[in-house]
Structure formats: C-alpha cells, structure tokens
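Asker: Residue strings, one per chain:
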Amino acid sequence: MKWPGSYNAPAGLDQKRQNAKTKRMDLSTRRFADVVVAEPAGRIDYTNAEDFKSMLWPALAHQPEGGAFVLDFSRVSYISSVGLRVLMLAAKEMKAEQRKIAIAAPQPVVREILEISRFNLILAIFSSVREALAQLSPAALAAYDTVPKRGAA
Amino acid sequence: MKRIRFWGTRGSLPVALTAAGVRQKLVTALRGANGRTFVTDRDVADYVNGLDLHVCGTYGGHSSCVEIETGEPHYVLCDLGSGVRPFGEAALARHGAKAPQTYHIFMSHMHWDHIMGFPFFAPAYIPGNRLCIYGGHAALEGALRRQQSPPSFPVDFSALRATIEFFRLKPDTRHSIAGMTVTLIRQYHSGDSYGYRFESGGRTVVYSTDSEHKLADPQASEAFVNFFRDADVVIFDAMYSLADAISVKADWGHSSNLVGVELCQRASARHLCLFHHEPASSDETIAGVLKDTRRYEEITRTAAPLHVSAAYDGMEIDL
Numbered sequence: 001m002k003w004p005g006s007y008n009a010p011a012g013l014d015q016k017r018q019n020a021k022t023k024r025m026d027l028s029t030r031r032f033a034d035v036v037v038a039e040p041a042g043r044i045d046y047t048n049a050e051d052f053k054s055m056l057w058p059a060l061a062h063q064p065e066g067g068a069f070v071l072d073f074s075r076v077s078y079i080s081s082v083g084l085r086v087l088m089l090a091a092k093e094m095k096a097e098q099r100k101i102a103i104a105a106p107q108p109v110v111r112e113i114l115e116i117s118r119f120n121l122i123l124a125i126f127s128s129v130r131e132a133l134a135q136l137s138p139a140a141l142a143a144y145d146t147v148p149k150r151g152a153a
Numbered sequence: 001m002k003r004i005r006f007w008g009t010r011g012s013l014p015v016a017l018t019a020a021g022v023r024q025k026l027v028t029a030l031r032g033a034n035g036r037t038f039v040t041d042r043d044v045a046d047y048v049n050g051l052d053l054h055v056c057g058t059y060g061g062h063s064s065c066v067e068i069e070t071g072e073p074h075y076v077l078c079d080l081g082s083g084v085r086p087f088g089e090a091a092l093a094r095h096g097a098k099a100p101q102t103y104h105i106f107m108s109h110m111h112w113d114h115i116m117g118f119p120f121f122a123p124a125y126i127p128g129n130r131l132c133i134y135g136g137h138a139a140l141e142g143a144l145r146r147q148q149s150p151p152s153f154p155v156d157f158s159a160l161r162a163t164i165e166f167f168r169l170k171p172d173t174r175h176s177i178a179g180m181t182v183t184l185i186r187q188y189h190s191g192d193s194y195g196y197r198f199e200s201g202g203r204t205v206v207y208s209t210d211s212e213h214k215l216a217d218p219q220a221s222e223a224f225v226n227f228f229r230d231a232d233v234v235i236f237d238a239m240y241s242l243a244d245a246i247s248v249k250a251d252w253g254h255s256s257n258l259v260g261v262e263l264c265q266r267a268s269a270r271h272l273c274l275f276h277h278e279p280a281s282s283d284e285t286i287a288g289v290l291k292d293t294r295r296y297e298e299i300t301r302t303a304a305p306l307h308v309s310a311a312y313d314g315m316e317i318d319l
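Chain order of the listed sequences is E and R.
Its first residue numbered 1, the first sequence is counted upward by one per residue in the numbering used here.
Its first residue numbered 1, the second sequence is counted upward by one per residue in the numbering used here.
Next comes chain R alone, as it looks inside the complex (with noise of 0.2 Å):
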C-alpha cells in the first residue's frame, strides 16, 4: 500500500461552505496579512500555504468514502459517501471511459451517508468496468438496490452497466483480496458496522468509522487494541467529544477522540486519523478538536509519538 486519499471525510451528512463562511476565512486571511507585500505569485503561495487548514481551506463536507492506493492497477474504496462522486470523477479523467478498471469496494454498513455517492458514480454507468462490493452484511446488495429504485432515485440500479458484484466477508478471518490481507471486526452501531484492516507490503492501515466502543467493557476494548496493533495508520470515528459520547449521545453509534488516542497507544499504533466529523462542526470546531486531540496525546504518552491528524476532503498520507 503505497497511499491514503480521503474523497469524504464528513459524518452522517454532507455539509458545504457557505458564502458567509468563504467570506469569514478571507477577512481572516486579509487581517493576518496586514503589513506584508506580495511581489510574486511565489510570495503569495508562500502566504497562503502558511495558514492554517481553517483559514486557507476547509475540513470538506462529503460524506465517507476513502482511497487505499495499493500500487496495483485496481482501485481500493472504502464506503460510496458522496466523497465517491469525485472520486469517480478522477478516476474517468484519468483512464477516460474506454478503459475498464477494476474497483474493491469495501463496505463499513449501508446507513444513509455511506451509501449516497454510489448513485453517482459514474465508472458504475460503463460497461467494462467490474466494480467487487465487499461487506459483513447480508442485505448490502439489497440496501444499494433500494436506493436505486422509485421513489427515491430516477435511474434505477438496472441502469448500470458494469459488472457488479458482492461479497459477504465473515469478520475475524483473514481474506485475501486485491493483493491484501483483509480483516473485519464487527462494531457496536445500530444495524453494526464492520472495521477493516488491510495489510499488504509490510503496511497496515486500519478503517474503523461508525463504531461506538463501550468503556464499560474492558473485553470489547482489548479487542480493538488487537485489531489496531502496529498499525501504520487508524482511521477512526472521532464524531463527538467524550462527554458527549458517553451521555446525551450514548448508544449513537459514534466514538470520541479521546478514546481514539487511547486505543492506539495502546496498540502502538503509529498514526491516529480522526474521521467522520460531526456536520455540526465548523472548521474552527474541528481545528480545535484536532490541537485537543494532540495535546491528549501528548499528555498520556508512554512510548513513541503518535502522530495525529484530522482528515479532510483531498487529505493524502503516504504510507
């Protein structure tokens, strides 16, 4: 595995910038300029490239779907968020339309969010093209069928003219597919959700999203320090704070930073990823969540560093 590009980072709902918003984070960027010249372009690349993610950009607003580049001539997806419809998009600008490809897709759960992209996705309109859904559920195909039919969608799933086809996974055992080691864990979300981790070429990344871990349980808890342990990198469902998490938000389905951090030190893993943001947050929220989170680290640490990120629409993290 060579790389991580994430399409959607956004949980439970897509959320866009608004104008106000776009507005905000230009006052802000003009306001720390004060006093500085900009002779060359050179010299406002430099500007901007020193602000922070919340002044020059944004954390995105598309729904989960993420990139595992492998290397190999195939594609690795995990979830159809709407961050897929990009994704798509790329992917067509790359090949264009007359050379098949091949994509794995593998599948947290069906809920809402994680399924939205799929009807947008244009590789799945081409024939040629084989598209290899994989998931713990047993009612996946059907679950993506149904968006694709009246009343909810005017192109019905029929329409599409790839080769589709699905793949129940059995958690706890190792497959093999698209050249890695693949593992599932079934997670506590309503319906359940399942994490994967993937292996291949001496990396391990592990994609959790959609998963509540129940502190009262030291059992459950040990189970994903296993399934995190030495992992290069941990995508992982940092929806809301502890306090909420475990109160008012309790049996939501949706974990916290905190709980993120623990976890992976205690599985030494080496990159902690915090995922699935709260569509309620702004950018600031997140930015802070994220110095939050560094800081708990930093805090707790007992060993080596773990390195923590936010991710973002069009983050990559090479592997």
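For reference, chain E alone in the conformation it holds in the complex (with noise of 0.2 Å):
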C-alpha cells in the first residue's frame, strides 16, 4: 500500500500544472571573507525545489569553519512550501554546526510568503546583503565594500 495515500480521482489532472517543466534553478555564489553569498534566481516550487536544494547543499559545504551563510533573494520572484522546506533544512544544518544563516533583499511578494509563513520567526531577514553582513561579520562587510556593486562606473 503506497502511504499516505493513493486515491486516484475520476477526473485527469489539471494539463497546465502536469505539463509544467522542471526548470533548473540558477544559484550563484560569492565568498567575502567569512560569509558565503548564495544567489538562486527565478521561481522555487514544486517543480524544482529538490534542484534548488541539490544546488544549495554543495555550497552550504564548502562554507569556511564558522562562516556565515547569506542568501541573497533579490533575484527570487516566489517561493512555495516546498521551497521553504528547503530553508528550513539549511537553517537546521547550519543550527547543528552552530553557525548563521539569513535571507538578504527578498522581493516584497517573497518577504510577504516569508512573514504569512511565519519563516521570519525563525530566519533573519534583512533588506540588503550590505546589511546582512553588517549583521554577521565585520570582516565580510569589509570586503564586500571593496567589490565594485553591479551597475557601478
């Protein structure tokens, strides 16, 4: 017996949600001083959840001992329960290795999924990496005010 359930309804389902694609997920990251930036962009749903997590795992790995994890949601449009699962598990395996994590410059409709969620209970969030770091090394602050930002001459 398959658990928890395996009702299969009469009716065939819903073609546009079936025949969405699984899109991979673009995460990108940056290392100033002791933080790890991680930059995922695009949409997290069902679709591609595991793919963001798959993606995240590796970089959550590789952080310095006693670093910081940042990441920076600027790029994020939405994110769904299952993409929220996923910053769950990342915050617990950061918890278990006593180090930080925080979501930085999330969307206004994504900071909305965040807070009606009730994740900004246990995720800091802050409106700019700039102040994330702030926030968690003043170390990483420093190198991240020397790297030229995007758009600057």
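No lab work stands behind these hints: they were computed from the structure.
Please note: incorrect hints may appear among the correct ones.
As the list claims (entries may be wrong) - Not the full set, but computed from the structure, chain E residues with beta-carbon under 10 Å of chain R:
| no. | residue |
| --- | --- |
| 1 | Glu50 |
| 2 | Met88 |
| 3 | Lys92 |
| 4 | Val109 |
| 5 | Glu112 |
| 6 | Ile113 |
| 7 | Glu115 |
| 8 | Ile116 |
| 9 | Ser117 |
| 10 | Leu121 |
What the hints assert, rightly or not - Dumping the calculated SDA-like pairs for lysine to any residue here, alpha-carbon to alpha-carbon at most 25 Å:
| no. | chain 1 | residue 1 | chain 2 | residue 2 |
| --- | --- | --- | --- | --- |
| 11 | E | Lys92 | E | Tyr78 |
| 12 | E | Lys92 | R | Asp251 |
| 13 | R | Lys291 | E | Leu121 |
What the hints assert, rightly or not - Calculated Cβ distances over 10 Å to all of chain R for the following chain E residues:
| no. | residue |
| --- | --- |
| 14 | Met25 |
| 15 | Leu60 |
| 16 | Pro64 |
| 17 | Ser74 |
| 18 | Ala96 |
| 19 | Glu97 |
| 20 | Lys100 |
| 21 | Ala124 |
| 22 | Arg130 |
| 23 | Gln135 |
| 24 | Ala139 |
| 25 | Ala143 |
| 26 | Val147 |
Values in this document were obtained by computation on a predicted structure and should not be read as measured data.
Backbone N, C-alpha and C define an ideal beta-carbon position, used for all residues, glycine too.
Two chains, two separate frames, one set of hints: put the complex together.
Answerer: Below, the structure written as structure tokens:
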C-alpha cells in the first residue's frame, strides 16, 4: 500500500500544472571573508525545489569553518512551501554546526510569503546583502565594501 | 448535498471564551461605535452585522463535528467531537424524541477530541434512532466503548438505546452510502487518520482533518491533489503555521494554511475552509491567519480564485 494515500480521481490532472516543466535553478555564490553569499534566481516551487536543494547543499558544505551563510533573494520571484522546506533544512544544517544563516534582499512578495509562513520568526531577514553582512561579520562587510557593485561606473 | 454546517471547529481541545475575552470584544465594539447613534433595533443590528467576526462573535470552542445536509431525511456527520452535543440537541428540538432518525457518522480517527462528544449525544440514548458509524480503523467501536466505561465515564456504552452499527471502510474505494459516493484516503497522523471525499448531486465536499502533509514526498502530495480534485469545498486541517508544521511540530500530524492553498490550487478546488484551529489561538489570531491565507491565495493565483474561509462553530456553507 502506498503511504499515505494512493487515491486516483476519475478526472484527469490539470494539464497546465501537470505539464509544468521542471526548471533548473540558477544559483551563483560569492565569498566575502568568512561569509558565503548564494544568489538563487527565479521561482522556487514544487517543480524545482529539489533542484534548489541539490544546488544549495554543496554551497553550504563549502563554508569556511564558523562562517555564516547569506541567501541573496533579490532575484527570487516566488517561493512555495516545498522551497521553504529547503530553507528550513538549511537552517537546521547550519544550526547543527553552530553557524548563522540569513535571507537578504527578498522581493516584496517573497517577504510577504516569509511572513505569512512565519519563517520570519526562525530566519533572520535583512533588506540588503550589505545589511546582512554588517550584522554577521565585520570582516565580510569590509570585503564586500571593496568590491565594485553591479551597475557601478 | 445542500449545505455544510459546522458544530465544532477547534482542534485538539475544546476552548471557551473567558469573561475577559467577552469584555474585550465589548470594549472594541463600543470604541468602534464612537459617534454613532442607535435609534432602532435595526440600527444596532446593522452595526453589529458590520463588525468582524472576531469582534462581534467567536470562532468557537467545540472540537470537530461537521454536518453535511444532503437534502435527504437522514443526517450526515463527520466526527464526534464536543460539537456533536449541540448538534444532538438541535436534532431533538427539531424532531422531538419520539420520531426516529438515522445518523450516518464518518470518523476521521479516534483521538479524544474527535470522539469526546459521543457520551453527550442525546439521540444515541433514544430507542428507535439508528446510528451508522463509519471509519477506516478496525478499533473504532472499541474506542467508543472504552470511552464510556469506568473510570472514564459514569454511563456505560450499554446504556445507549439507539441501534448502533459500525462499518469499516476500505480506503481508495468508492463506497455508496446514504445517497453519496464516499471515498477515503489514509492520512499521515499518529495512528493514522482518514480523509473523506463525499460526492452527490454534482457537488463534492472533502473533509480532511488531522492530516500532515510531508513536503518531501511529491507522490503523496499528488495523491491529495487528486483527492481534492475539483471539490466545491475542502475542509482542511490548518492548525499550524508552515514554519511550525515543518520544524518544532513536525510529525505532530497537522498541516498549515499555506499547504492548504497550494493543494487546493493544484486541485482546482473552489473553496478552502480552514479547520481544526489551534486551541491556543485567539479569535484575533485566527482572523489574522484567515487574512494571511487569503493574501497568499491572491499572490499564488494562476487560475480561478480559490475562496478561503475559516470555519467557526455555527458557520454554514451553501453548496
């Protein structure tokens, strides 16, 4: 018997959703002193949450000892419950190693989702990467401030 | 099916409004009325009817009991929480004690909050009434008998004079019962629970309480999407926030408002009804959860809007 249910409704699946293609996540990482900043991009939902996890885990594993981890969410347009679950797993992983994790620069809608799901109570959320680094590591902040920013002349 | 009527909507343990809680509602309502004059009873009624439920009423305190009005002479109930006591009183007030009735009762599981109302269900004591109790558990009858035996309760199960029959239903099979097609799905909850899909007269109601949805299992999610498919109403266990449900309260057997929205949207259901409210939640908290859930539905909407409500004792949904 399948667990927890194996019900098959007489009606067919919603084709639009069934046909939703699994879209591979983009995730780039940068390092500022003892902090790694990972920048995922796009929607994180049930079609690609596992992909998000598989890309995030190596980045978590390559952390400098005792270092913190910042997820720059400026290019994430949406995150669903399965994506939030990956954040929860990442937070547990970091907590087990007594390291800090934070979300930075979420778009307004994503910030709303973090608040509606109450993830704002378990994850530190900052309005920018710089603000996150300022809170987590003076060395990382100093390194960040020496790097030319996107769009800068 | 004509209507859903909620007799008990609280999870885990019944709760009651306190004197301080009533006073606070009065204070809020009076403050809101500042400057108004009430000349007629209609003026008062109009003002009260315009207040939010958490100010002019309460989500209520009885544990799970939901009536589905089918348009047939028999009654259909889901669960025997403390809400079945006022349901039984209403049924007796309607028919009197001398007009035998049939009650079809579908049990999600036998945890205390879902059976505790049965010893106070007056129609069960009246000869001539017929109670057909359905469930997926083999131990259903034993749980109700044990509840009404020493030292738990002073009136033994044998004092119930109605004809009481128990039926074990196989999940994932369409059963014809009481003029409806009834299907069960096994749910993730301590000791298992069962969700019900009721179909009749072109209407579909899903009763899915005490059910945790494991986000790591896409096949299980898909099974529930299929179970909820095109439902007119999905009564859904939204006891915790998502953050709680997948962290400190993981494996406690309950779900969240966000997962309810996502499953219902994927299933093209029309109405999500948040149910099995956390007993520690105030009326204000539940109203806030409802507001948040409606906003999440709006954010994530890709097709027709999903109507979202939060069940309260006494609420009716016309089908």
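Asker: Next, verify each hint and record whether it holds.
Answerer: Hints, verified against the model:
1. Hint status for E/Glu50 relative to chain R: holds, with the closest Cβ pair at about 8 Å, below 10 Å.
2. Of the supplied interface hints, the one on E/Met88 holds, with its beta-carbon coming within about 5 Å of a beta-carbon of chain R, less than 10 Å.
3. Given the 10 Å rule on beta carbons, the hint for E/Lys92 holds: about 8 Å separates it from the nearest Cβ of chain R.
4. Interface hint status for E/Val109: upheld, as the beta-carbon distance to the closest one in chain R is roughly 6 Å, under 10 Å.
5. For E/Glu112, the suggested interface contact is upheld, since its CB lies about 7 Å from the closest CB of chain R, less than 10 Å.
6. The beta carbon of E/Ile113 comes within 7 Å of a beta carbon in chain R, closer than 10 Å, and the hint placing it at the interface holds.
7. With its C-beta approaching chain R no nearer than about 8 Å, E/Glu115 sits inside the 10 Å limit, and its interface hint holds.
8. Taking 10 Å as the C-beta cut-off, the interface hint given for E/Ile116 holds, the closest approach to chain R being about 4 Å.
9. Satisfaction of the interface hint for E/Ser117 is found here, the shortest Cβ-Cβ separation to chain R being roughly 4 Å, below the 10 Å cut-off.
10. With 10 Å as the threshold, the beta carbon of E/Leu121 comes within range of chain R, its nearest partner Cβ sitting at about 6 Å, so the hint holds.
11. Between E/Lys92 and E/Tyr78 the CA atoms are separated by roughly 22 Å; this keeps the pair inside 25 Å, and the hint holds.
12. The straight-line distance between the Cα atoms of E/Lys92 and R/Asp251 is roughly 16 Å, inside the 25 Å bound, and the hint therefore holds.
13. Simply put, R/Lys291 and E/Leu121 have alpha-carbon atoms about 18 Å apart, close enough for the 25 Å limit, and the pair holds.
14. With a closest Cβ-Cβ approach of about 16 Å to chain R, E/Met25 is found to remain outside the 10 Å limit, as its non-interface label requires.
15. Consistency note on E/Leu60: stated as away from chain R, and its beta-carbon is indeed over 10 Å from all of that chain's, at 17 Å minimum.
16. Annotated as non-interface, E/Pro64 keeps its C-beta farther than 10 Å from every C-beta of chain R; the closest such distance is 26 Å.
17. Taking the minimum C-beta to C-beta distance to chain R, about 18 Å, the non-interface status of E/Ser74 holds against the 10 Å cut.
18. At roughly 13 Å from the closest C-beta of chain R, the C-beta of E/Ala96 stays outside 10 Å, upholding its exclusion from the interface.
19. Non-interface call for E/Glu97 relative to chain R: holds, since the shortest CB-CB distance, roughly 17 Å, exceeds 10 Å.
20. Consistency note on E/Lys100: stated as away from chain R, and its beta-carbon is indeed over 10 Å from all of that chain's, at 17 Å minimum.
21. With a least CB separation of 14 Å from chain R, E/Ala124 remains clear of the 10 Å interface cut-off, as annotated.
22. Once the 10 Å rule is applied to beta carbons, E/Arg130 is consistent with being away from chain R; the minimum gap is 26 Å.
23. The Cβ of E/Gln135 lies farther than 10 Å from every Cβ of chain R, with a closest approach of about 21 Å, so its non-interface assignment holds.
24. Every C-beta of chain R lies more than 10 Å from that of E/Ala139, the closest at about 31 Å, which supports listing it as non-interface.
25. With a least CB separation of 32 Å from chain R, E/Ala143 remains clear of the 10 Å interface cut-off, as annotated.
26. E/Val147, annotated as away from the interface, keeps every beta carbon of chain R farther than 10 Å; the closest lies near 33 Å.
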